[in-house]
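Enquirer: Could you put the whole structure together from the sequences, leaning on the hints where they help?
Residue numbers for the sequence shown, in this note's numbering: 1 to 149.
Honestly, the hints are just simulated from the structure, not real lab data.
It should be emphasised that the depicted structure is a prediction, and the values quoted were computed from it without experimental measurement.
Just so you know, even glycine gets a beta-carbon here, dropped at the ideal spot from N, CA and C.
Some hints could be false.
[Claimed, not checked] Calculated lysine-lysine pairs in the DSS-like style (CA-CA distance at most 25 Å, straight line):
id	residue 1	residue 2
1	Lys88	Lys129
2	Lys134	Lys115
3	Lys99	Lys68
4	Lys79	Lys68
5	Lys134	Lys79
6	Lys136	Lys68
7	Lys115	Lys129
[Claimed, not checked] Simulated restraints on C-beta separations:
id	residue 1	residue 2	range
8	Leu19	Asp138	39 to 47 Å
9	Asn100	Ser16	47 to 55 Å
10	Lys79	Lys99	14 to 22 Å
11	Ile131	Gly27	35 to 43 Å
12	Asn100	Lys124	21 to 29 Å
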Amino acid sequence: MNFHQPNFWRRASLASFALLLLLPLSGIYWLATKLRGVFSTATKLPGTTLTVGNVTLGGGGKTPTAIKLKELIDSLGLKSCFLTRGYKGALDGPLFITKNSKVSDTGDEPQLLLKYGEVLLAKKRELAKEILSKAKYDVLILDDGLLMI
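Expert: Written out as structure tokens, the structure is:
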């Protein structure tokens with residue numbers, strides 16, 4: 001297999017000039033990420049955890065991927081549930097949402113996920129740990145698990 005750099009990597013253009021101007025922002029982002037890591041602690045959740053996420057907000061296919069994973073896990077006979085922060089929802093949780101839950105309370109994605117299985121809403125994952133320990137899930141699916149809000 002022969003790999004080559006794309007030609008546009010070597011070409012000087014307005015875009016490459018803009019990239020140079022934005023380079024200091026990447027350093028600031030790196031520093032903020034490191035500081036966040038120093039001042040936060042990881043939460044160990046019971047069971048296997050699958051995190052679906054990337055750096056895009058919306059439109060990246062995270063929720064459909066989480067739903068497909070749930071279908072595959074269920075087909076193996078394993079007990080699973082979705083764990084979400086309920087982005088733009090008013091509730092903090094932790095609580096399992098129901099069909100009677102309002103979109104304004106939960107956000108829209110948990111309502112969609114509810115059509116495919118149980119959904120635990122928890123803005124702070126460490127608070128969900130106790131509920132999840134009692135429920136005994138084999139697999140937890142974190143939709144938009146890399147969201148840093």
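Enquirer: Evaluate each hint against the coordinates.
Expert: Evaluation of the provided hints:
For the given pair, Lys88 sits about 22 Å from Lys129 by alpha-carbon distance, which is consistent with the 25 Å threshold. Among the hinted pairs, Lys134 with Lys115 is consistent with the structure: their alpha-carbon atoms are about 23 Å apart, no more than 25 Å. A distance of roughly 21 Å separates the Cα atoms of Lys99 and Lys68; the hinted pair therefore holds under the 25 Å criterion. Annotation: proposed proximity of Lys79 to Lys68 holds, straight-line Cα distance about 15 Å (limit 25 Å).
Only pairs whose Cα atoms come within 25 Å are accepted, and Lys134 paired with Lys79 is accepted, the gap being roughly 13 Å. Under the criterion of a C-alpha separation no larger than 25 Å, the hint pairing Lys136 with Lys68 is consistent with the structure, at around 21 Å. Taking the CA atoms of Lys115 and Lys129, the gap is about 23 Å. The hint holds against a cut of 25 Å. Range check, Leu19 to Asp138: Cβ separation about 45 Å, and the 39 to 47 Å hint holds.
Take Asn100 and Ser16: their Cβ atoms lie about 54 Å apart, and the range 47 to 55 Å holds. Lys79 and Lys99 have their C-beta atoms about 20 Å apart, which keeps the hinted 14 to 22 Å range intact. Hint check: Ile131 to Gly27, Cβ distance near 40 Å, so the stated range 35 to 43 Å holds. Restraint check, Asn100 to Lys124: a C-beta distance of roughly 24 Å satisfies the suggested window 21 to 29 Å.
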